[in-house]
Structure formats: structure tokens, C-alpha cells
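Chains as they are written, first to last, in the numbering used here: chain A, 1 to 194; chain B, 1001 to 1787.
What the hints contain is simulated information worked out from the structure, not anything from laboratory work.
Treat the hints with care, since some could be wrong.
[Claimed, not checked] Lysine-lysine pairs mimicking DSBU-like chemistry, simulated, CA-CA at most 35 Å apart:
{"no.": "1", "chain 1": "A", "residue 1": "176", "chain 2": "B", "residue 2": "1066"}
{"no.": "2", "chain 1": "B", "residue 1": "1481", "chain 2": "A", "residue 2": "177"}
{"no.": "3", "chain 1": "A", "residue 1": "177", "chain 2": "A", "residue 2": "115"}
{"no.": "4", "chain 1": "A", "residue 1": "128", "chain 2": "A", "residue 2": "181"}
{"no.": "5", "chain 1": "B", "residue 1": "1481", "chain 2": "A", "residue 2": "128"}
{"no.": "6", "chain 1": "A", "residue 1": "40", "chain 2": "B", "residue 2": "1528"}
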Amino acid sequence: MGSSSSSLSHIPDGQQLMGETGFSAAHLLRLHERFELLDKDSRGHLRPEDFEEIRELTENPVGGRIIGAFFPPEKETLDFPSFVRILAHFRPTGKNRSRDRTQPEPANSRTGKLKFAFKLYDQDRDGKISRDELLQVLRAMLGLQVTEEQLQSIAERAIQEADLNSDGAISFDEFKKSLEKVDIEHKMSIRFLK
Amino acid sequence: MPARMSSRAPAGFCRSLPELGLLLLLVFVLLQGSVFPHGADASADTSHHGGDGCSSTHVKEINRTKKAFPVLSFEYEHIKTPFEVSIWVLFASLMKLGFHLVPRLSSIVPESCLLIVVGLLVGGLSKLIGDTELPKLDSKNFFLVLLPPIILDAGYFLPIRPFMENLGTILMFAVVGTLWNAFFIGSLLFAVCQIPAAGLTHLGLLSCLLFGSIISAVDPVAVLAVFEEIHINELLHILVFGESLLNDAVTVVLYHLFEEFSVFGPVTVLDGFLGVISFLVVALGGVLVGAIYGIVAAFTSRFTSHMRVIEPLFVFVYSYIAYLSAELFHLSGIMALIACGAVMRPYVEANISHKSHTTIKYFLKMWSSVSETLIFILLGVATVGGPHNWNWIFVTATVFLCLVARVMGVVGLTFIINKFRIVKLTTKDQFIVAYGGLRGAIAFSLGFLLEHEDEDMKHIFLTAIITVIFFTVFVQGMTIKPLVELLAVKKKQEAKRSINEEIHIQFLDHLLTGIEDICGHYGHHHWKDKLNRFNRKYVKKCLIAGERSKEPQLIAFYHKLEFKQAIQLVESGAGGKLSSALPSTVSIQNIQPKKPPPAPETRERVLPQLPKAREEEIRKILRSNLQRTRQRLRSYNRHTLVADPFEDGFSDLLKKQKMFELEKKIKEMNNYLSVPAATSDSPTLRRARLASDPQSYNVKPDADGVPTIQVELASPQSPDSVNIVNIVDEVKRDREKDEDMGLTMKPPSAPSKQGAEEDAKDQQKLMRCLSDPGPSADEGEDDPFLP
Chain A
1 MGSSSSSLSH IPDGQQLMGE TGFSAAHLLR LHERFELLDK DSRGHLRPED FEEIRELTEN
61 PVGGRIIGAF FPPEKETLDF PSFVRILAHF RPTGKNRSRD RTQPEPANSR TGKLKFAFKL
121 YDQDRDGKIS RDELLQVLRA MLGLQVTEEQ LQSIAERAIQ EADLNSDGAI SFDEFKKSLE
181 KVDIEHKMSI RFLK
Chain B
1001 MPARMSSRAP AGFCRSLPEL GLLLLLVFVL LQGSVFPHGA DASADTSHHG GDGCSSTHVK
1061 EINRTKKAFP VLSFEYEHIK TPFEVSIWVL FASLMKLGFH LVPRLSSIVP ESCLLIVVGL
1121 LVGGLSKLIG DTELPKLDSK NFFLVLLPPI ILDAGYFLPI RPFMENLGTI LMFAVVGTLW
1181 NAFFIGSLLF AVCQIPAAGL THLGLLSCLL FGSIISAVDP VAVLAVFEEI HINELLHILV
1241 FGESLLNDAV TVVLYHLFEE FSVFGPVTVL DGFLGVISFL VVALGGVLVG AIYGIVAAFT
1301 SRFTSHMRVI EPLFVFVYSY IAYLSAELFH LSGIMALIAC GAVMRPYVEA NISHKSHTTI
1361 KYFLKMWSSV SETLIFILLG VATVGGPHNW NWIFVTATVF LCLVARVMGV VGLTFIINKF
1421 RIVKLTTKDQ FIVAYGGLRG AIAFSLGFLL EHEDEDMKHI FLTAIITVIF FTVFVQGMTI
1481 KPLVELLAVK KKQEAKRSIN EEIHIQFLDH LLTGIEDICG HYGHHHWKDK LNRFNRKYVK
1541 KCLIAGERSK EPQLIAFYHK LEFKQAIQLV ESGAGGKLSS ALPSTVSIQN IQPKKPPPAP
1601 ETRERVLPQL PKAREEEIRK ILRSNLQRTR QRLRSYNRHT LVADPFEDGF SDLLKKQKMF
1661 ELEKKIKEMN NYLSVPAATS DSPTLRRARL ASDPQSYNVK PDADGVPTIQ VELASPQSPD
1721 SVNIVNIVDE VKRDREKDED MGLTMKPPSA PSKQGAEEDA KDQQKLMRCL SDPGPSADEG
1781 EDDPFLP
């Protein structure tokens, strides 16, 4: 684990990040270590190439999209707070019933998680998953094992099932509805080591 | 061909007269009682006769020649054992039927209770009649014959995903929980026994611990029997059920350990250490043995494409041998059986034919059902018959301590487990898990197996075990359902997965794996991904025959959905014409894409008549779907085999379709129905993998005057050809405007229309593939065992 100094002073805006994302100090430290590990040239920020160094990620069918999620189109670099904010989506959902209504939806709530997943599908960020975007995802996941027609039929069927207002694309609400039976809180959570 | 009354009629008759059914059952009970004394008499006669014979053969010879030739003789000894076994099995099954004829009873009282009561009645009756020849719940019979089918059924249909996701929790409950129960109960009972008033001071600590280990294990049979009727959510079900399965290893080790030590004296630290090692060996060894046999079975199934009829046999025999092999080494047989079933299933299902698949499913459910029924009945009988030694203090202490230990164990463990779980267990969950800790016949059989000089002690134990079993099954079993309602525990959701869910779940799996890689955290998803990759690359290639090894899961799922949709559309279409309006505009067979129909509801599409080419297309799609579709079994419920209604609904559908066609035909021409022989070498037929089994199929006429169609598929020389009454053939001939002499038996050789020929073959294959023989081909098949 390395020398885990228990002070947050190394991390800029540590306290603020903790409050924003809900990570504990130990989590943040661990993530910071990981960040520094990935940041091979010690530049203080990450670039897409650093992610591509992770071997398993390149084998992953949606690896490219994940990297894309960390690096929105305008930005070329990723600093630590942004890194943490994105990973906050995968924190296990706690039972925070007494949440202030005025506060923004926490990143690790069910809606937050689903929003993140939705953004991965919706590459052009128009708020809808079009048929082409779905096809791209299917192509990436199923690859060479299926024919183009099969992909088309699956995509078509998926859209017809989920598309409630018949606009030919899946909006975020439709996306949420189609996954209402799935235990997202469990599926999209990682146990960050203490 | 005369119309055959469908077997539905008698069932309807009985349903309206439950008293008749009960009367029938009563007759059987009496028959039971009367058969045994008869048996005793007859055996006495023959033995007597035999005894005489040796000493006085001379006299016997003279006697024999003088007697007239017996026209009718009664020799019971000859068939005694199989006859009695069959009578018991029949009796058990009739009981099961009987409970569902009485409508309200089965919703209040769980079946297991009713069966025990029946057993008590039979036992009481036999005792009254004075017979002592009742079959005992013999440990050997129980462990070797009655238990394996239930466990195999559970293991084969085990839902792997939730099981693996909660494996840590399940193991904690199974191992630590059972250990805690055993020691707590054992030691406190020993303390109780020290009270001089109880008169139990002769029970040593080790004996008490032995008893504790027997009584502590949650019983899979009882849990299955009760939990299946209450339909709680998947998580709780798998927790309790998984625990009941996995604690077998602990029970085996503890039992043997304490049994050894109660004979051989004091326990040393070394012995304790060896005990731990032994536990690991028993558990992991059992799993390993099961897995090995599972892989061998999967490998064997790869080569069975020419001998489809015995495919189910391999599944059953390999599993049973796995169980016996594990028992041979005193490893955990239950874990071996579970591992075998769970390992072999994905590969075997990809290899075997549709019908073998159905056969396996039905046989497993049937055997496990009968087994479970017999176990409960025999438990009742053994209660009445067995030697008892009722000791108030011991028994009440046992029951009380069992409850307390269970609650404390669950609460304590959940506290620890929740620190590691993502989705925590709530108090309601804990309550259900604690309340669902039922004891059953395994405890009884283990108690029965006890060999001890002190017969008295054994009887005390047995009495206490039976009391605990009765308490848990009756009190807890009956009240758990209202409690579940009261506490508003989440119920099982209807498992109708959509393609969206499937796609998104796979997507999320990949996403989470990626995120884990970014975090450098080798968690759950990482290893699962690695395992999947390994499976896809190496294992599937070995164990799955042909091109199915490369089929991704999503595609198989999609085929199944399309297939279901096609059924629905055929059903909604009128007059036998297959309406098109497939939701997918592009079929799977490289057929030209058509314009998508604009209808919003996929269900209600009644379209006008279709051109023949389109129909042909649709039939081709259906045919290809059938070749590739494998139902994924989601039902681990004993009582309802069918997870989705479409599976068996297709036979109804075909019936309806045929009725439409037939009515149409009847209006036009007269009614000769005969069997045309199909040519055996059409390439489409050769490609069908579902060919060989013979099957008979009955259609009940909707109205009078309409003759029934009898479809017989004989399995002829080549496994690919088929004989069938083909209505489509008639229709085809109609279209060709043949001046009819009715349908005659002439092979449709060199047909004029190639497309129509294809239709015929498709229809044949459709009917052949999809009409499940099942126990009966009517609607009754779909009714679950529960109201």
C-alpha cells in the first residue's frame, strides 16, 4: 500500500472534495496514490495516454468510452478533483434519507449512477440514445461474433421495447425506466479498499 | 379414427367432487393397512411351507402330485418389495394431488405440514391394525435414494449469478453460523443436563456437542418446501437456501468428529486442528469431485448428437455417481452434487436437444417432488412408530436453545457481514433469514444413524430432534407466510427480462470492470471478467459441440425473445395465417429488410393478408430460431416448471392454429385424414437437430362434429425424417387446385411448388420441435402446483 500519510495536506482541496463526493479521508488518499501511480511523468494531471497504458482497459470493449468519459471533448488533461468526482459515481449508495432537497443529487445515488451510464451511451450528448449510438455499443460488445443484420435487429428491438414516446431514441427517463428492475445500487458500486 | 376423450375430463370431474377424491384417498389408506397384514400372512404361509419341504420332501412329492393345478395363486413374497415401494410412491403422489383438490387448505398450511400429518395418520392406522412392518426412514435409503434427487434438482437449477454475488454472505452463514449454533446449543444443553432434576447427568459434553451438531444444520428439503410457497425476493431466497446447501460440509465434519471423540475420549488441540483441515478437505474435495464429474458430463454431451434419446441419462447418472463418489470418501456429497449440476449445466444445455432439455427438467422436478413427499410422509410415520423417550426438560431446552441460537447467530453475523456488503441486510431481512432456519429430515436421519451403547440416549435425542423438526415445520412453516405479508417483505419479481436489461447489464459489467482497472482494484468484476474470458476462449471450445461454442449470450437471449414474439404474433393472427409485423425489420437470416410497421403496440398487430413470400420468410425465421434457441432455465421452483408462459403455450397455439385450418378445410371438403410420408433427404430436414424422438400429440376438438387430429411422429430409419399429419399439406394441395380424393397417402415427392414444400417441412419441424410431450399435452400442464 505504500506509505499512507494520514494527512490530507498533500491533496489540494482535500476537505472540500471529501464533502462534495462523500469519500472518506482514507479513500481519498488511496485514490491519490493511484492517481500518482498513473501519472507516470508526475505532471500533476493525467492524459488519455496514461489511461491507455492500463492493459486491461484496452481489452475492454467499452474502454474507449470510459476514457472518453474522463476526458470531455474540451479538456485534454484530467486533474485529481475531476478524477475523484467521476469515481464518486461508483461509491456504494448509502442510506441518506434526510438529504436536503436543495442540495444537488449526489453522484452515487441511483439517478447519479444511471446518468453516468447514460452519458457513456450518448456520445453526442444530445440527451438521447439514438439507434446508431446503440448499434455502436452493441458492435463494440459483440464484435466479430455476429453479423450486421443481427446487430440491427437487436438494436431495433431494444429501441422498440424502451421507447415509450416513439421518437426512435431512448431518453434518460426511458433508460431509467427500462432498468427499474435491476439493482443498480449494487451493480454499479465498487468497494473502495479502506 | 374415433375421437379420443382427452384426459382433461376426469380431472374436471374430480375437481367438482373433492369428496370423491378424499374418499379415494381414504380407501388407499385402508388398503395400506390391509396389505401389510396380508403380506405378513402370505409370507408366513410360504415360509412355513418351505420349512416343511426340506424335511419331508418325500411327503411333499406325494402331496404335490395329488393337488390340482393351481389356476390362480397368491404369492406376495415374490413381489413384496417393489410392490410396497410402488404403493408408497403412488400414495405420496395421490396425497399431493389431493391437497390441491381442497382449495383453501394448501394456501393456509404448507404442503410439508400436511404430508407429515398424513404420515402420522398412516402410522397411527398401521399401529391400530397391529402391523409393525412399516418402512422406516432408513438412513441408508434416505441418503442414497431420497435425498439426491432433491439436491440435484436444486443444484441444476441454482441461479448462479445471485449465488456467486452473495457467496461470501452465504458462506459466513453456512460455516460460521452452523458452528456457532452447534457449539452454543451443545454446551448449553450440557449445562442443562447437569441439573440433577432432569435425570440426564449421564450425557457427557461430547454427546451434547454431537447432538448440537446434528440439530444445528438448516435443512435444504424443509427450506425448499416452505420457501417455495412464499415467493420472497431472490436475495433472501438464495441466502437461506444457499446456506442450507453449504452447511452440509460443516455438518458432516462436526458429526464425524464428535462421533469419533465421544467414543475415543478426550479431545486434544491436535484433534481440533485436524478437524479444521478435515473441514476444508470435505468441502473443497466435495466441490472438486462434483466439478470433475460435471466437466466429464459436459464433455460427453458434446458427442451425443446421434443418440439424443439417452442424453438425459448422462446428466442423471454422472451426477449420481458424483454424489456416491463423494460419499465414498466421506466428503460432502451434497456439495459434490451441487457443483456437478451447476458446472455441467451451461455446457450441457448448449449441446443437447430441446426435448432432452425438457426431459431433464421434468424428470428432475418429478423425482424431487416425489422424494420430498415421501420424506415428509415417512417422517410422520417414523414419529408414530419410533421408540421415544420424552424428557420434558431436554426437549423444551432444545427447542428454546435452537431458536435463541439461530437469532443470535443471524444478528451477530449480519452485523459483521454488513461491513463488507454493498447492499446491506436490513432488520426485516435478518428476521426472515433467522425465521427461515428450518430443520428437517437430514437431522432426523443423522440422529438415526447414531450408534451408541446407550440406547436410551439415542431415543432421547431422536425425540428431541423430531420435536424440533415438528416445531420448525409446523409453527414456523405455517406462520412465515403471514409474517412475510405482515412485514411487507419484498416479493419475487416476475422475471421477464427485456433485451434492454440484458444489453445494459452486460454494458455495466464491462464498465465496472474498466473502472476497477482504473482504480487498480481487483474486485468482483475483474475476476468475473477474467473467468468469462477464460471460459470463452478455452472451455467452451472443448465442451460445446459445433458452432454453438461461439454464440454469445446476448444473441441466444435475443433469439429467445424473437421466438416468443413470433408466437404471440401467430396467436394474434387470424385464420392460421402468420401475420408479419415482426418487430425486427431485418430478420436474422439475411433476408431483405422491409419497412418497419408503424404500430406502437407490439402486441396488437392484426395485419391483412400477406404475400406468400413474406410468410415463407417468417417461417424460415421461426425455424432458425428454433434451431438456436435454448431456454435459459430461471425457475428453481419445484412447483412451477415454467418461468415464462410462452414456453408451453406454443403447443396450445399450434392446436388453435390447426383447429382454424381444420375448420376451414371441413367446410370445403370431406374428411379423410391420413398420414403422408415425408421424403427423408431434404436438406432442410437434415439440418434439423431436433429430429429423433417419437412422440404422440393429441388435439382436443373445440366443437362437436369436428374430428380430432392425431399426430404421430414415428422415428423411422433415418433420424431426420418424420411422418406427420400435415394440415399445411392439405392447404398446399388446395392451393394447387388438385381435384381431391381427400388426402391420400402419397409422398409429396417432387412437389410442384418448392416454396410450399418448404412450408410443409417447416410446419413439420415446428410442430415436432415445439410440442412438448410433457406429462399431458393439454392446458392442465401449465397449471402450477400451487393455486
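Evaluated hints:
| no. | hint | in the structure |
| --- | --- | --- |
| 1 | 176(A) x 1066(B) | violated, 92 Å |
| 2 | 1481(B) x 177(A) | holds, 31 Å |
| 3 | 177(A) x 115(A) | holds, 12 Å |
| 4 | 128(A) x 181(A) | holds, 21 Å |
| 5 | 1481(B) x 128(A) | violated, 44 Å |
| 6 | 40(A) x 1528(B) | holds, 29 Å |
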